[in-house]
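There are 2 protein chains.
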Amino acid sequence: MNDASDSLSTTLAALADPTRRAILARLTRGPATVTELAAPFSISGPAISKHLRVLERARLISRGREAQWRPCHLDAGPLREVAEWTSAYRRFWEKSFDRLGEYLAELQAKRRETTSSKEKSHARAKKRR
Amino acid sequence: MNDASDSLSTTLAALADPTRRAILARLTRGPATVTELAAPFSISGPAISKHLRVLERARLISRGREAQWRPCHLDAGPLREVAEWTSAYRRFWEKSFDRLGEYLAELQAKRRETTSSKEKSHARAKKRR
Numbered sequence: 001m002n003d004a005s006d007s008l009s010t011t012l013a014a015l016a017d018p019t020r021r022a023i024l025a026r027l028t029r030g031p032a033t034v035t036e037l038a039a040p041f042s043i044s045g046p047a048i049s050k051h052l053r054v055l056e057r058a059r060l061i062s063r064g065r066e067a068q069w070r071p072c073h074l075d076a077g078p079l080r081e082v083a084e085w086t087s088a089y090r091r092f093w094e095k096s097f098d099r100l101g102e103y104l105a106e107l108q109a110k111r112r113e114t115t116s117s118k119e120k121s122h123a124r125a126k127k128r129r
Numbered sequence: 001m002n003d004a005s006d007s008l009s010t011t012l013a014a015l016a017d018p019t020r021r022a023i024l025a026r027l028t029r030g031p032a033t034v035t036e037l038a039a040p041f042s043i044s045g046p047a048i049s050k051h052l053r054v055l056e057r058a059r060l061i062s063r064g065r066e067a068q069w070r071p072c073h074l075d076a077g078p079l080r081e082v083a084e085w086t087s088a089y090r091r092f093w094e095k096s097f098d099r100l101g102e103y104l105a106e107l108q109a110k111r112r113e114t115t116s117s118k119e120k121s122h123a124r125a126k127k128r129r
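If you read the protein sequences in the order shown, they are chains A and B.
Position one of the first sequence corresponds to residue 1 (the working numbering), numbered consecutively onward.
Position one of the second sequence corresponds to residue 1 (the working numbering), numbered consecutively onward.
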């Protein structure tokens, strides 16, 4: 376990919460105060402050020193590391997607066969009438 | 909080551990048994089994039903969701990288100015001698 993997673990743990991800999404629209960040959630002020501390420790946000409301800013840098780690697996999820595609194509082919054989037997039945 | 964000949280929490990420990295080389997966780590069998359960619950791995050693397979599908979530922030980490670039360029410009003014005063001092 090296420092890089530790910082990646810290980032991923901070992101593993829908409220914290919603806070980051809000900050893509610009800096916001704690009160503004808390507004969309039905959770207490201390709960929001705890989420902000987790994000700050993971260096995903920073807080201004201006005045007492100290606005929060998005620091997207650590997300680059997540993207790089994930991209190494791209060919594996594309492979599983290809397998799904092949399976669907197979199903469709079978369906066409069944339909055409049904049509043939329908035509034969019609002839007999 | 919807189902999609919950599955993303489960995936991210499962990834937030260097041993679990190392297990996934090993599985990119092909299926492996629990014994093979445990080999590089100095942790107990039960600890490895716990990590595998977390990865299995997050649908990042699946375990074969063949024989008693039940080999583990990589299921990279959920990583696609992580990559998609992360990519929405690309322009923000690129922006912070640009700001760093601008800052470094500024520093270099200042350094050049200081050096050239030092050289000038050095030349003047030489003339006076």
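These are calculated hints, taken from the structure and not from any lab test.
Any given hint might turn out to be false.
To spell it out: a stretch of chain B is covered by chain A in this simulated footprint if at least three of its residues, at any positions, have a beta carbon under 8 Å from a beta carbon of chain A; those stretches are [stated by the list, open to error]:
| hint | region |
| --- | --- |
| 1 | 12-18 |
| 2 | 74-87 |
Over 10 Å on every C-beta distance to chain A, these chain B residues come out as not near it, computed from the model [claimed, not checked]:
| hint | residue |
| --- | --- |
| 3 | P31 |
| 4 | G45 |
| 5 | K50 |
| 6 | T114 |
These figures come from a predicted structure and were not determined experimentally.
The beta carbon of each residue, even a glycine, is placed where N, CA and C say it ideally should be.
Hints versus structure:
no.	hint	result
1	12-18	holds (count 6)
2	74-87	holds (count 11)
3	P31	13 Å, holds
4	G45	20 Å, holds
5	K50	16 Å, holds
6	T114	29 Å, holds
Consistency with the previously given hints is maintained throughout, with no hint failing.
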